[in-house]
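The listed protein sequences derive, respectively, from chains H and R. Under my numbering, the residues of the first sequence are numbered 1170 to 1499, in order. Under my numbering, the residues of the second sequence are numbered 424 to 815, in order.
I should point out that these hints are in silico values taken from the structure, not numbers from a laboratory. Among the hints, a few may not be true.
Looking from chain H toward chain R, a few residues come up when the C-beta cut is under 8 Å (computed) [to be verified]: (1) Met1408; (2) His1425; (3) Arg1465; (4) Pro1489.
Pulled from the structure, derived: some chain R residues nowhere near chain H, Cβ distances all over 12 Å [what the hints assert, rightly or not]: (5) Glu479; (6) Glu538; (7) Arg548; (8) Thr569; (9) Ala621; (10) Asp624; (11) Pro647; (12) Gln749.
Don't be surprised by glycine CBs; every beta carbon is placed ideally from N, CA and C.
The primary structure of each chain is shown beneath.
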Amino acid sequence: MFDERWSDETREVSSALRSLLEGTCDEPAVRAAESSADGRSREVEQHLREFGLHDLPAEPELLAAVSVELGRSLAPVPWVELTAVRILLDVEDAVYALESDPPAGPGSAVVATASGIGLVANQGERERTAAGDFLVRVDRGLAEQRWGEEDAQKLRALTHMLAAARVSGAASKLVEIGVTYAKERQAFGRSIGSYQAVAHKLADAATAAEGLELIVKKTAWLAARDGANGVPQPIFGLMTWSHAVEVGRLVARNVHQCMAGFGATLESPAQLYSRRLRSWALRLGRPGDAHREIARILLTPQRRDAVEGLWHEERGVTVPRWARELDVTV
Amino acid sequence: MDFSLTDGERAYRRKVRDLVQEVSGEQMREYWAEQQAVGGDRIFPWAPSAHKLLAERGLVGIDWPAPWGRGATSSENYILSEELVGSGFPSSPVTSSHANVRAIIRNGTPEVVEEHVPKALSGDRRYADGLSEPEAGSDLFALRTTAVRDGDEYVVTGSKLWTSYAHEAEYVSALVRTDPESTRHRGLSMLLIPLDAAGVDIQPVWVIGGWRVNQCFFDAVRVPVSNRLGPENEGAAILSAGLADERSLSFGGTDSRLLLARLLHRFAGAADDLDDSDLEAIGRFATRLEVERMLNISANAKGARGAESAAAAGSMGKLYGSELAQEFAQWLNELLPESIYRTEWGVSVDDQLAADAEWFVRGTVTMTIAGGTSEIQRNTIAQRGLGLPRGA
Ligand SMILES: Cc1cc2nc3c(=O)[nH]c(=O)nc-3n(C[C@H](O)[C@H](O)[C@H](O)COP(=O)(O)OP(=O)(O)OC[C@H]3O[C@@H](n4cnc5c(N)ncnc54)[C@H](O)[C@@H]3O)c2cc1C
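Bound conformation, chain H alone:
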């Protein structure tokens, strides 16, 4: 029997974390962090550390669910960037920075080298992003290679999943914000949520957010199966991440439209979310690159046949006998 819900243990952690974040990482806390000198909230960081977020076991489902919660509350901490590095490379206080610059704070950054990845001091000019955090222009040339391509690929895949989970949490919360607004706001003597033009935009946003959460869950579930060692398959990392970019954009666009002028003001929580969704979307490369790589995996028989659990397949992508007999090949 299928069950799309997080497991009981995960839900317990998630709901405890949500309570903690509601108390400590509310909207004023997020705003305070983004107007601070380095975009961080030491207080939230401290609470999360005490909660044990930096010692979580390498269980993909748990990590994904935590990331969803951090996204929901826009927690101003580089947990996503730290976690895959801690788990896969066994390095504390180093952040992921393979495609774009690392967030400020942690001591070092993992960057790409000629044929693998290495560490570099997380130092350099800092620039504030649209997400309210700061990225550091590290000197990638100073990194010495410490790990090979295979480690890089695993690191990427786990980061892809965690980053997508963070977008998923933020997107779901933004839909909730839009729905609450649409129930309260009146126009022409009725609540705007009773107009289909508004309601249907929110329905599309909700569908997109739900779909994203589900593909994150599937990716985490596959990564937890025997033999996967807790790391998503690259193709699932790419799919989940590239989909998150699209969903984040769609949700932001639709909810902004439904909230109109008030949603566009700086007082509105909507823009706190939409700015982050947009900024996060640019950090792991362009979705088109991911889509092409997904296609290349699926079009290369050896790589395709190694994919596990895509669609209804156990392995690879198969076609029925009749189609093999009738279809021409190039």
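Mind docking chain R with the ligand on chain H? Use the hints.
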């Protein structure tokens, strides 16, 4: 969280896959010819001999309660449909008749059950869905077909439109107004009307995919009262129970995955023959088709638990899948431009995939309509899922 199959489910899936493996290219063409001869549907295909084969293999009625079926779980039902549709097997009897017979078993008198179910099990009896009418589509409860009690019989007058399979089936399961004073969902009953009864006239309505649906006219058709399912005037409840069972069916996603899989095999090892925009489209469709499946699985799981969110989840899957299928179909036609020359059924064409892409682009037009339009799905998501108020 669990997306795996139990050992039993896996064994059962194996059985379905083995059956599908038996179907050669030539056999599939025979099925198509058989369907085409009866104006059959290419998008929800229903070849009589394929139906018989399913029945022989014990794959009809798996979810019906014992002694008729074995009370298969909703996930098993999902797997059956996914395996058959996903392999192009002409399998609509399984989804369409399954639901109708389930309603018969739940609500029919013992005599009616005894009369219908064995024939349905052996693949000798099929059912069409008679819900929509010319003036009652999305607004189904505006339906006007009446059934007036006359002794042990009802006298049915009116018409049903868009009735898929009515020309192939033996019965239509029709929602009719049994209380003439009633409005909307009150006063409706579900009636099994034999399609060969006096006063039934079935006229073809040809749709864009090149197949036939029907308009069924009922001119004082006499139907035994015992053919009513459940209590009089409570047909709406039977309808909604039936719809709830069908929520996780994919509308176009499963067919799209099959077409994309075939495309991947066509270009296997030849990624460099495709340009960047084609590769991007393939990666993006592969991803969204995974999402579509997960939406349906989620609807299935919620439905099995009786979760309140199941209705909105079902609408999300239907909305997402049918719109995605249209987009995919259009792109596939663009990638295989020769498909514009392949408007035949594909029984004897030189490029089967191109031919199938062509029917898919036409067939998917109806996927955002049949089974509840996209707008109605969005209303359900907004109202039942998000708690937004109804419109004026
Ligand atoms: C190929 C095919 C097979 C079918 N098979 C069957 C079958 O076997 N049995 C059966 O009973 N029916 C069947 N149908 C009928 C199908 O369920 C109806 O076509 C569908 O419910 C829409 O009804 P309609 O066509 O009358 O359109 P209408 O309801 O008139 O809709 C026209 C437009 O108005 C929109 N609209 C209507 N109401 C609202 C609203 N409240 N809010 C927003 N927009 C709205 C619709 O979304 C649509 O865009 C089939 C249809 C097709 C095309």
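Right, here's what the structure says about each hint:
With a least beta-carbon distance of about 4 Å to chain R, the hint placing methionine 1408 of chain H at the interface is held under the 8 Å criterion. Among the interface hints, the one on histidine 1425 of chain H is violated; its C-beta lies about 17 Å from the nearest C-beta in chain R, farther than the 8 Å criterion. Evaluation of the arginine 1465 of chain H hint against chain R yields a held restraint, the C-beta minimum of about 5 Å falling below 8 Å. Interface restraint check: proline 1489 of chain H against chain R, minimum CB-CB distance 4 Å, threshold 8 Å, status holds.
The Cβ of glutamate 479 of chain R sits about 19 Å from the closest Cβ of chain H, beyond the 12 Å cut-off, so the non-interface label holds. Distance check for glutamate 538 of chain R against chain H: the nearest CB is about 33 Å away, which clears 12 Å, and the non-interface claim stands. Interface exclusion of arginine 548 of chain R from chain H stands, the closest Cβ pair being 27 Å apart, more than 12 Å. Separation of threonine 569 of chain R from chain H is adequate, the least Cβ-Cβ distance of about 32 Å exceeding the 12 Å criterion.
Every beta carbon of chain H lies more than 12 Å from that of alanine 621 of chain R, the smallest distance being close to 42 Å; the non-interface claim holds. No Cβ of chain H comes within 12 Å of the Cβ of aspartate 624 of chain R; the nearest lies about 37 Å off, and the non-interface call holds. Taking the minimum C-beta to C-beta distance to chain H, about 39 Å, the non-interface status of proline 647 of chain R holds against the 12 Å cut. Non-interface status of glutamine 749 of chain R relative to chain H is upheld: no Cβ of that chain comes within 12 Å, the nearest being about 15 Å off.
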